[in-house]
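Protein chains: 2
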Amino acid sequence: MNEFDLIHRLTRNLPANQALVSGAGDDCAVLDLGLGDRYVLFKTDAVVEGIHFKTDTPPQKIGHKALARCLSDVAAMAGTPTAALITLGLPPNFDPTTVESIYEGISALARRYETAIAGGETTTNPERIFISVALLGTVAKNKCVHRSGARPGDAIFVSGELGGSLSGKHLEFEPRLREAQWLADAFPPTSMIDLSDGLAGDLRHILTASGVGAELLSDSIPISRAAKLHARVESSAKPPLLAALTDGEDFELLFTIPSSNAVAVLDKWKKQFPGLRLTCIGRITAARGLKLRDKGGLREIGLRGYEHFTKPEQS
Amino acid sequence: MNEFDLIHRLTRNLPANQALVSGAGDDCAVLDLGLGDRYVLFKTDAVVEGIHFKTDTPPQKIGHKALARCLSDVAAMAGTPTAALITLGLPPNFDPTTVESIYEGISALARRYETAIAGGETTTNPERIFISVALLGTVAKNKCVHRSGARPGDAIFVSGELGGSLSGKHLEFEPRLREAQWLADAFPPTSMIDLSDGLAGDLRHILTASGVGAELLSDSIPISRAAKLHARVESSAKPPLLAALTDGEDFELLFTIPSSNAVAVLDKWKKQFPGLRLTCIGRITAARGLKLRDKGGLREIGLRGYEHFTKPEQS
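Sequence lines, in order, name chains Z and D. Numbering follows this note's numbering, in which position 97 of the first sequence is assigned residue number 97; successive positions increment by one, without gaps. Numbering follows this note's numbering, in which position 169 of the second sequence is assigned residue number 169; successive positions increment by one, without gaps.
Keep in mind the hints are simulated off the structure, nothing from the lab. One or more hints might be untrue.
Claimed, not checked - Distance ranges between label pairs, derived from CB positions:
(1) D:Gly50 <-> Z:Arg151: 48 to 54 Å
(2) D:Pro239 <-> Z:Asp32: 48 to 54 Å
(3) Z:Gly168 <-> D:Gly168: 47 to 53 Å
As the list claims (entries may be wrong) - Pairs of lysine-lysine residues, derived as DSSO-like cross-links and limited to a Cα-Cα distance of at most 30 Å, are as follows:
(4) Z:Lys143 <-> D:Lys141
(5) Z:Lys54 <-> Z:Lys141
(6) D:Lys143 <-> Z:Lys141
(7) Z:Lys61 <-> Z:Lys270
(8) Z:Lys291 <-> Z:Lys238
(9) D:Lys270 <-> D:Lys54
(10) Z:Lys141 <-> D:Lys141
(11) Z:Lys291 <-> Z:Lys54
(12) Z:Lys141 <-> Z:Lys291
(13) D:Lys169 <-> D:Lys268
(14) D:Lys143 <-> D:Lys270
(15) D:Lys54 <-> Z:Lys54
Yeah, the Cβ is synthetic: ideal placement off N, Cα and C, and Gly gets one too.
Based on the provided sequences and hints, a complete structural model is requested.
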């Protein structure tokens with residue numbers, strides 16, 4: 001049973017109440033606590049030694065990544081972070097200096113986004129460091145962007161460049177909070193998600209939640225230098241396009257907007273965020289499924305993106 | 001370096017912002033999100049296999065304990081829980097039925113206190129189950145009880161009976177949410193905490209936060225049947241009084257109220273909660289330190305409660 005099957009099984013019949021606007025199935029849980037025209041966003045995310053970082057990863061970067069993942073989820077709903085709590089599971093022989101450095105990485109990022117670190121706790125996890133971050137934020141009710149609003153005809157956009165994140169970016173990425181808030185004001189997305197599982201996987205979350213399909217343009221997908229370099233120097237590496245579709249941990253914004261706004265958003269984004277690429281990579285279709293258009297025609301990207309893509313069915 | 005030293009070192013200079021009313025150093029972090037006359041309470045707490053429960057602990061009880069610990073912290077500030085997120089670290093060979101049963105234990109308790117389970121995530125923790133719960137609640141600003149308000153002359157009360165929790169109660173305890181809310185309305189405590197580290201340790205948290213001392217009456221401390229039984233059948237066990245002072249995981253309420261209300265609260269509590277004992281165990285003093293009065297006179301309970309108590313300095 002994989003993570004998604006398990007989560008589906010666990011979240012079928014969870015207790016709800018009047019405050020819960022939406023729970024599992026979006027980047028953050030959304031709560032209405034009676035805060036006037038704002039919702040509260042609520043998110044937890046964990047990083048584990050040997051899984052999400054290595055034993056020799058610089059501890060500031062571990063802390064940065066732990067908080068940045070949660071901030072990226074708040075960004076995906078166009079929210080503003082407020083406060084975080086840090087849960088640290090530590091082996092009994094932990095080095096206090098390492099733990100302080102993890103906190104420095106967390107704190108430096110928190111200060112940049114005016115997020116309070118409201119405390120937390122330490123406990124024992126004998127074999128490895130386990131860090132769980134809980135984050136609270138808020139968002140104006142009429143600016144909150146869900147995964148479920150994509151409509152046929154919408155243009156699909158992605159920020160930055162994709163693939164090869166494990167060569168470094170996954171420890172240093174900047175959560176796209178400012179970009180997402182600007183979008184929600186200037187060109188409200190119909191749907192948005194942050195890229196953690198890879199473009200193909202995360203776009204599928206939007207398609208499922210919205211009940212639509214998509215067609216991506218192979219040539220337009222922005223491939224990172226890291227993914228290209230990796231494919232060049234290592235013969236067993238994924239082809240760069242496949243890396244961009246499936247590597248994961250990009251932590252860029254993937255969103256849809258009505259196609260009538262497509263040219264304007266590209267133009268204004270370039271002026272607003274000259275250092276960060278924005279690319280239109282395809283469009284939402286009424287027909288279900290995720291397809292990729294290239295010189296050979298239109299190919300289905302199957303449910304298990306990787307396998308099906310390397311052995312595509314011709315359409 | 002122990003947990004308290006580390007937390008002190010980590011929490012000296014954390015990022016704050018205007019929303020943060022109080023962070024580390026109370027049972028929950030307190031946030032003012034602009035919710036009229038209410039604060040938001042924010043808490044995380046983790047339980048780890050082999051530390052807080054055994055591999056053969058019934059999974060429903062694991063789930064119950066994981067959520068109940070957080071609810072107990074919201075109770076300690078006289079708050080009302082709203083929503084929780086569950087982070088599950090699981091070994092790769094986890095049994096889905098076990099995980100579902102953990103969620104059943106969480107959900108049954110959540111329903112009892114109208115708390116939404118707003119989602120969460122699963123990740124890999126190869127060697128053992130690690131469960132971190134993040135909880136949001138609210139509390140009326142004028143009813144929120146901190147650790148820092150105890151004043152000389154206040155009477156000290158504790159709910160329930162103490163010691164021996166590990167023989168079963170730590171997996172089944174009921175968070176004292178209703179009792180705490182009733183207190184906050186009827187006899188507002190000047191300070192309150194939930195008993196997780198043991199009476200001596202947790203009372204010391206109140207004394208430190210309030211800048212006061214305390215004198216406990218040895219004969220009045222309510223000792224659980226489990227602690228007495230344990231001392232009788234196992235020669236190496238702590239004496240029952242020491243167990244009640246230091247065992248931990250009682251998850252009862254420890255609070256102070258002005259002594260003028262002491263008789264009235266005992267009287268009204270008995271009518272309100274006939275199944276749950278309430279005991280006055282001593283009083284707050286201007287002189288710092290934690291002292292225990294018994295037939296032999298007044299003895300200091302040292303910083304390392306256990307050792308000093310077994311070799312008391314006569315006063």
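How the hints compare with the structure:
1. For the pair glycine 50 (chain D) and arginine 151 (chain Z), the supplied restraint of 48 to 54 Å holds, since their beta-carbon distance comes to about 50 Å.
2. Distance hint check: the CB atoms of proline 239 (chain D) and aspartate 32 (chain Z) are about 52 Å apart, consistent with the given range 48 to 54 Å.
3. Between glycine 168 (chain Z) and glycine 168 (chain D) the CB atoms are about 50 Å apart, so this pair conforms to the stated range of 47 to 53 Å.
4. This hinted pair checks out: lysine 143 (chain Z) and lysine 141 (chain D) have alpha carbons roughly 29 Å apart, not beyond 30 Å.
5. Proximity of lysine 54 (chain Z) to lysine 141 (chain Z) is assessed by CA-CA distance (about 39 Å); at most 30 Å being required, the pair is judged violated.
6. Between lysine 143 (chain D) and lysine 141 (chain Z) the alpha-carbon distance is near 29 Å, which keeps this suggested pair within the 30 Å criterion.
7. The straight-line distance between the Cα atoms of lysine 61 (chain Z) and lysine 270 (chain Z) is roughly 29 Å, inside the 30 Å bound, and the hint therefore holds.
8. This hinted pair checks out: lysine 291 (chain Z) and lysine 238 (chain Z) have alpha carbons roughly 19 Å apart, not beyond 30 Å.
9. For the given pair, lysine 270 (chain D) sits about 36 Å from lysine 54 (chain D) by alpha-carbon distance, which is inconsistent with the 30 Å threshold.
10. Taking the CA atoms of lysine 141 (chain Z) and lysine 141 (chain D), the gap is about 24 Å. The hint holds against a cut of 30 Å.
11. A hinted pair counts as satisfied when its Cα atoms are at most 30 Å apart, and lysine 291 (chain Z) with lysine 54 (chain Z) does not qualify at roughly 35 Å.
12. Simply put, lysine 141 (chain Z) and lysine 291 (chain Z) have alpha-carbon atoms about 33 Å apart, too far for the 30 Å limit, and the pair is violated.
13. Of the pairs offered as hints, the one joining lysine 169 (chain D) and lysine 268 (chain D) holds, with about 26 Å between alpha carbons and a cut-off of 30 Å not exceeded.
14. For a cut-off of 30 Å, the pair hint linking lysine 143 (chain D) to lysine 270 (chain D) stands: about 22 Å separates their Cα positions.
15. Our distance criterion of 30 Å between C-alpha atoms is met by lysine 54 (chain D) and lysine 54 (chain Z), whose separation comes to about 28 Å.
Violated hints for the displayed structure, listed by number in ascending order: 5, 9, 11 and 12.
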